[in-house]
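Input sequences plus hints: build the corresponding full structure.
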Amino acid sequence: ITVKIHRGHAMKKMHAKSFADLVRMAESLGAGQDY
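In terms of UniProt numbering, the sequence shown opens at residue 1 and continues consecutively.
Treat the hints with care, as some may be off.
Straight-line C-alpha distance at most 20 Å; calculated EDC-like pairs for lysine to aspartate or glutamate [what the hints assert, rightly or not]:
(1) Lys17 to Glu27
(2) Lys4 to Asp21
(3) Lys13 to Glu27
(4) Lys12 to Glu27
The hints are simulated quantities; they were obtained by calculation from the structure and are not laboratory data.
Written as structure tokens, this is what we have:
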């Protein structure tokens with residue numbers, strides 16, 4: 001449940017319509033890159 005709540009808050013803050021939108025936004029910002 002905690003993950004769902006956190007994901008929902010992130011989606012609301014980023015104005016993402018779906019989890020896929022949120023992932024695309026994160027990738028475009030460089031999230032998860034190791035350099």
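Checked hints:
1. In summary, the hint linking Lys17 to Glu27 is supported, as the alpha carbons are separated by about 16 Å, within the 20 Å threshold.
2. This hinted pair checks out: Lys4 and Asp21 have alpha carbons roughly 15 Å apart, not beyond 20 Å.
3. In summary, the hint linking Lys13 to Glu27 is supported, as the alpha carbons are separated by about 16 Å, within the 20 Å threshold.
4. Taking the CA atoms of Lys12 and Glu27, the gap is about 17 Å. The hint holds against a cut of 20 Å.
Of the hints listed earlier, there is not a single one the structure fails to meet.
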